[in-house]
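*Asks:* Following the hints, position chain H against chain V.
If you read the protein sequences in the order shown, they are chains V and H. Residue numbering for the first sequence follows the numbering used here, starting at 1 and increasing by one per position. Residue numbering for the second sequence follows the numbering used here, starting at 1 and increasing by one per position.
Treat the hints as calculated values from the structure; they're not laboratory data. Some hints could be false.
In silico EDC-like pairs for lysine to aspartate or glutamate, Cα to Cα no more than 20 Å straight-line [to be verified]: (1) H:LYS21 x V:GLU183; (2) V:LYS50 x V:ASP40; (3) V:LYS9 x H:GLU182.
Short, incomplete list of chain H residues facing chain V, as computed with Cβ under 10 Å [to be verified]: (4) ALA24; (5) ILE53; (6) SER62; (7) SER66; (8) SER85; (9) ASN96; (10) GLU121; (11) ILE148; (12) ALA164; (13) ASP165; (14) GLN166; (15) ALA180.
Since this is a predicted model, take the numbers as computed values, not measurements. Positions of the beta carbon are idealized from the N, C-alpha and C atoms, including for glycine.
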Amino acid sequence: MKETLLLTKHMRDFPENSHNIEVYEKNNGYSALKKVLKEDNPENVINEIKDSNIRGRGGAGFPTGVKWGFLAEDEDRYLVINGDESEPGTFKDRILLERDPHQLIEGVIITCFASNIKKAFIYIRGEYAKPARRVQEAVEQAYEKGYLGDNILGTNLSLDIVVHLGAGAYICGEETALLNSLEGKRGEPRLKPPYFPAVMGLYNKPTLVNNVETISSVPWIINNSGKEYAKLGVEGSTGTRIFSLSGHVRTPGNFEIEMGKSFGEFVDTFGNGIKDDKKVKAYIPGGASAPWFTGDQLDIKMTIDDVANAGSMLGSGAVVVMDEDTNLVYAAKSIVSFFAHESCGQCTPCREGTTWLEMILERIASGRGRLSDISLLVDVCDNISPGLSWPPKMTTICPLGPSAVSPITSLLDNFSDELMKMLPTKIPIAQ
Amino acid sequence: MSWDNELLERAHKIIELYPQKRSALGPLLYLAQEKDGFISDDSIVEISNLVDITEVQVKSVSSFYSMYKEEQTGTYLLSVCKSISCEINDSRSVINSVKEFTGLENYETDQDKLFTFEEVECIGACGGAPAVQVNYETVEGLTPEKTIEMCEWLKNDKPEIIVADQLQNKFGGTKSFDWAIEDNTGSAYTVPGFQNIGTAKEKDN
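Chain H with its partners taken away, still in its complex shape:
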């Protein structure tokens, strides 16, 4: 399906931010992913027209970056860190508990399109290892038990917006640093919630 007017309007606003159209390619790919949960062929055509490059050029960029997905993701993208600080703080047991709960292997999505599981490299939460991101919202200081509780909560409550602070208060432990500032903004899709691309959402408290 091609993009509707609302999406195109957002796309044009993003393009205007940059001296050269092509710079908007990254943010536009996020728009595509917000729409479909992955970078669809239709979106590739749309984006190539928007920024005046070929479809192959768009594809070559989208396939380079790990946050642009080639297949449809679930509602919740569970990214478990396995880099050095998490590795030595037993991220393996967190990975195993996610695998056990969801029945998924690395990069797999369940049939209900609820969860996608991936093992990822450093997410900058090393002081709060082991750490996980749900739709790019960070939870630090997890245990295998808390991880399963978190997955259960996601499955049962199906929150529309993922807010890092809420996840952290419910399921997290040691943090990399004091987060201090109360925050109820988050991500509503399997793309980072960020104002410039219009994917940030505020949760009513």
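Next comes chain V alone, as it looks inside the complex:
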């Protein structure tokens, strides 16, 4: 099993200065942009993206070409790049922003050309100070070289990019919350309908919201054609994907591979197995929101559909491996605490529910649990996500609440013995 380098090739070839515009240009950079400007046919660009069958890399996996096709007509339309990467376990956008910002900018310009957009925003989470600096620097270089601003490379195309910094709210990774945040409001998700970004997005204008990795793929697709891209990976999960591997593996990191290999092979090849030769007890296949798989399920294939069929999601492509000595109750508590902290507070089941789940798990983890806590956990979870099914049903505006349910159903389904071990074996008599 080897990496297939599309998005991370340039940064590997020129490790020390891949962020520099001259180096990027020398390595075939901005050639895709020149190509589309020469052909001057926006429809072709959209068709190439449709041909590539690329699905959004932010988590939901929606087909990008279809998304572009939905964009409503209007004089003012916007592109917003979602670089609010905050899903625990995920650090793939960070490497793309830090080490190859021009690839993203070229993708942005081509996307705006295809969809007749004059203003784009790159929204980067506040904690990514260094990646944001790199992107801002790259944007300034691109302006100087005439790739941005008015009359790009002597054509009629004009585009401005603003790099915008978030301020520490995971929920702003949800696209409508991100738009609220960009409008200078609290990052609370909007109701869909009517607020589908493609129709009523930023400032209530049609808006495309795409992930950093998705748009970074655009230059390669244009240079090599959508059909070539679709040959990589497997049907339904075409192309390559950057997986962030962390946890108890020997060599964590970002690895760009074609989708379709098994998690076990991935962990062995790139993670070089588990530290101290331990066994895998459980692993998270797609970020903290995704239900866990057990160590016996390492043969599941890394595609959007295979993972979904097995009862979880490939999400943001973050694989977190937990070895045999991991206390899974603590692990679940960590994830539930995350969602309790990051709940925006709009919907009662999520705001109250995640906090209660955190408190109950805290009680169990500290040895003060009660036998009735199990049914209490289930009851609270059921209020957030009725039936505890997968994909989750929701009583909330966005999927954050149900995400807090994932680690608990994972515990109950596969590791209930661990939970029971931490509960008292006898019911104390009231005195």
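*Replies:* Chain H only, in chain V's frame:
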């Protein structure tokens, strides 16, 4: 204290970037925090005038985001990650060593206004767990011992600009990925060092 002309000039430049004034609210709150170390009531009045919204609207936004602080922070904001990858790689011991060195509990600032300590959620350094940010500059692969060394260094050397690469070389370990590019830019305040808001600073090598 109200904002001086230099700060107002920077504010107007930021506002011009956006089709609607209110979009500049986030960056302007960072300016306020650069000035005082937190979002002061005076700044809230100033910003509400700059972007034509009420003071309560400004406050409702600033209180929503965890990076806007309601109380004055120390010179160095120590943010220790406790999310899943860090949690299972013993971030607890890093948290304890920071607590031990500074004597602070979560969200507390010392009397000298040198350190503020907070436990934070995922900072995107999962491959280099456990990880810490100092003024939003990331250090990866820390141990409890190295964490204490880092705090000592901050206390004794009092660097004006925090540069991620410098911290990483001195105190860090396993990284999420090869950082590769040499970098001497960083943050000079308890806000992210970023050119658009004018808080990025370059360190002389």
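*Asks:* Holds or violated: is the Cβ of H:ILE148 closer than 10 Å to a Cβ in chain V?
*Replies:* Violated. Min distance 23 Å.
*Asks:* Does H:ASN96 meet its interface restraint, that is, does its C-beta lie within less than 10 Å of any C-beta in chain V?
*Replies:* violated (15 Å)
*Asks:* Taking the least C-beta to C-beta distance, is H:SER62 closer than 10 Å to chain V?
*Replies:* With a closest approach of 9 Å, the H:SER62 hint holds.
*Asks:* Interface hint check: H:ALA24, Cβ to nearest Cβ on chain V, cutoff 10 Å. Holds or violated?
*Replies:* holds (7 Å)
*Asks:* Let's test the interface hint: is any C-beta of chain V closer than 10 Å to that of H:ILE53?
*Replies:* holds (8 Å)
*Asks:* With a cut-off of 10 Å on the beta carbons, see whether H:ALA164 makes it to chain V.
*Replies:* holds (5 Å)
*Asks:* If you take the shortest Cβ to Cβ gap from H:ALA180 to chain V, is it below 10 Å?
*Replies:* holds (4 Å)
*Asks:* Classify the hint on H:SER66 as holds or violated, based on whether any CB of chain V lies nearer than 10 Å to its CB.
*Replies:* holds (4 Å)
*Asks:* Does V:GLU183 lie within 20 Å of H:LYS21 when you go C-alpha to C-alpha?
*Replies:* holds (9 Å)
*Asks:* How about H:ASP165: closest beta carbon in chain V under 10 Å, or not?
*Replies:* Interface hint status for H:ASP165: holds (9 Å vs cutoff 10 Å).
*Asks:* Below or equal to 20 Å on CA atoms is what counts here, so check V:LYS50 against V:ASP40.
*Replies:* Holds: V:LYS50 and V:ASP40 sit about 18 Å apart, inside 20 Å.
*Asks:* If you draw a straight line from the CA of V:LYS9 to the CA of H:GLU182, is it 20 Å or shorter?
*Replies:* holds (19 Å)
Consistency note: the structure conflicts with the earlier hints numbered 9, 11 and 14.
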